[in-house]
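> Using the hints, position chain B against chain A.
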Amino acid sequence: MTLSRGTRIVLTAFALVAFGFIYVPLGVILINSFSTDKSLTWPPSGFTTEWWGKAADNEGVREALLTSIWVASLATLVALVLGTLLAFALGRYQFFGRESLSLLVILPIALPGIVTGIALNNVFTSFLGGLTIYTLIIGHATFCIVVVYNNAIARVRRMGGSVEEASADLGANGWRTFVFITFPLMRSALIAGAILAFGLSFDEIIVTTFTAGPGVTTLPIWIYQNLFRPNQAPIVNVVAAALVLVSILPIYIAQKFSNADERGGGLI
Amino acid sequence: MTTTTATPRGFGYRHPRLRLAGLLSAPMAWLVVVYLGSLAALFLTAFWTVDDFTGQLVKTFTMKNFQQVFTNSAYLGSMLRTVSIALLVTLFCLVLALPLAFFMARVANPKWRPLLVALVLTPLWASYLVKVYAWRAMLQPETGVLAWFLDPLGLSSPGYGYVGIVVTLTYLWLPYMILPIYAGLTRLPDSMLDASSDLGAKGGRTFRSVVMPIIFPSIVAGSIFTFSLSLGAYITAQIVGGQVTMLGNIVPTPYVTNLPFAAAVATIPVVIVLLYLAAVRRSGALDNL
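Taken in order, these protein sequences are the chains called A and B.
Using my numbering, you'd call the opening residue of the first sequence number -11 and step up by one each time.
Using my numbering, you'd call the opening residue of the second sequence number 43 and step up by one each time.
FYI, nobody ran anything at the bench for these hints, they're computed from the structure.
Be a bit skeptical, because a hint or two may be false.
Unchecked claim - Short, incomplete list of chain B residues facing chain A, as computed with Cβ under 7 Å:
1. Pro69
2. Thr96
3. Phe145
4. Val149
5. Ala179
6. Pro183
7. Trp190
8. Leu192
9. Leu195
10. Gly246
11. Ser270
12. Gly274
Unchecked claim - Here are some chain A residues pointing at chain B (derived, C-beta under 7 Å):
13. Leu73
14. Tyr81
15. Ala98
16. Ile102
17. Gly201
18. Gly203
19. Val204
20. Ile211
21. Ala230
22. Val232
Unchecked claim - The following label-pair restraints were derived from C-beta to C-beta distances:
23. B:His57 - A:Ser150: 19 to 25 Å
24. A:Thr36 - B:Asn151: 56 to 62 Å
25. A:Glu38 - B:Leu161: 49 to 55 Å
26. B:Gly246 - A:Pro172: 24 to 30 Å
27. B:Ile256 - A:Gly159: 29 to 35 Å
28. A:Ser61 - B:Val75: 21 to 27 Å
29. B:Trp154 - A:Thr36: 35 to 41 Å
30. B:Thr104 - A:Val151: 39 to 45 Å
31. A:Val151 - B:Arg59: 52 to 58 Å
32. A:Glu87 - B:Ala116: 36 to 42 Å
33. A:Ser(-8) - B:Ala116: 51 to 57 Å
34. A:Phe7 - B:Ile256: 47 to 53 Å
35. A:Phe7 - B:Leu195: 20 to 26 Å
Glycine included, each C-beta is placed from N, C-alpha and C at the ideal position.
For reference, chain A alone in the conformation it holds in the complex:
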């Protein structure tokens, strides 16, 4: 379809405004973290890096950061194993219930977090004797499986089975084929999936509030607890800005490893 010049100009202008809508709030967060104001005030009345230093020295923030990293690492590990197994099962075999299973894997992120949160909370408090950091990790792993799965299954489908057959025909056993053929071909897709899973867990708040044990404070929980405390606003601003910066990094790394075309332009 040949678009008229006018249509093109209108669409381009619209896109500029839309990207502005997407990025202005993130920019405001970054700018506010350098503001001398002690409350959310725009425009900022002055520039200071004081709060970045204070946030770095804040013990609550540092502990929350370490908790977040620990939780996200373990959740990613679990998701990596389960998501990969599932991708091979669904990508290579036809079986009864296959369609339902592919629907089930997206359910934890397609359903509102509050549903998953309350459901898991109910089971954990009734059967596991209460909430701990490990119930939080179970909760996070549940919704992280899908990102690993999505990246892995795209690669499994594209890879096909012929290279592994060739390896077996040349005399390699199953383990050798996995180490020398399958894993190297899967590696970049798995790295991309792992980075995205880590990011998803690191930022999550809703399932976290329902599955974290008492005293388990991740970075988002720390922000949530301090959000409405007026004297904490400057440090909340800094932590928020840091989270924005940290989230930008993984997405660029993940982009390097995963090919969007391969995933059919899928978004997660």
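Frame of chain A; chain B shown alone:
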């Protein structure tokens, strides 16, 4: 996309069923037993009650919790408001995403496409909480960014409330709508558009009769996220909603003491979403996620 039928050699290749069982057992245990099991327990709990005096669970079937949600005017109001917010957010996401995705897929230079996709994707990975907090700074009455921008124009900032929630949620879920539509548009062959215009269709007609049917599953896929995630957005309502409550806000308060009631409230969005998923499953939209 269909699967490859070639059976990989190696462990258990003579017994593909055994190999499949090995691959499936751990993820199935997690997703079916832990996750579906929890959801099933949640729905079961929704039909139980808590004894007012002892605080113990009474495990007898009753519709009392649902009756309470549907007869209490404050709860019913929150629920209807939540559905209206979810519908509005889905509509606004669609209105913003269509032209933007069209620009990305059909107007912009193809070599810029990966960058544009990355630009849309990046905010999706920024923390949900941080983005809502950003909108707190944007919407703040009088000292917010919008107030600063709109006041000189003689307009006022919407402040915290219904409009604030809709704007914030539209912002949060917009990438979920843009990306599937963009993917759908890039798959649209030029030859089809050429054929349409050769047959005499103008831009609008081509859009309605050729483009829309092809990207419809993408729109459905995107709307699953924008609609479903809006239904549970209670934290957004707490931060930018002012006095306005959503369905999820009913839950955390009675949640500690009255789990069955919380379960009933959480069941409502699930039922709505599952009905929606069942309806769209046949459209092929789920392959686009």
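> For this structure, which hints from the list above don't hold up?
Numbers 2, 6, 8, 9, 10, 17, 18, 19, 21, 24, 25, 26, 27, 30, 31 and 34, in rising order.
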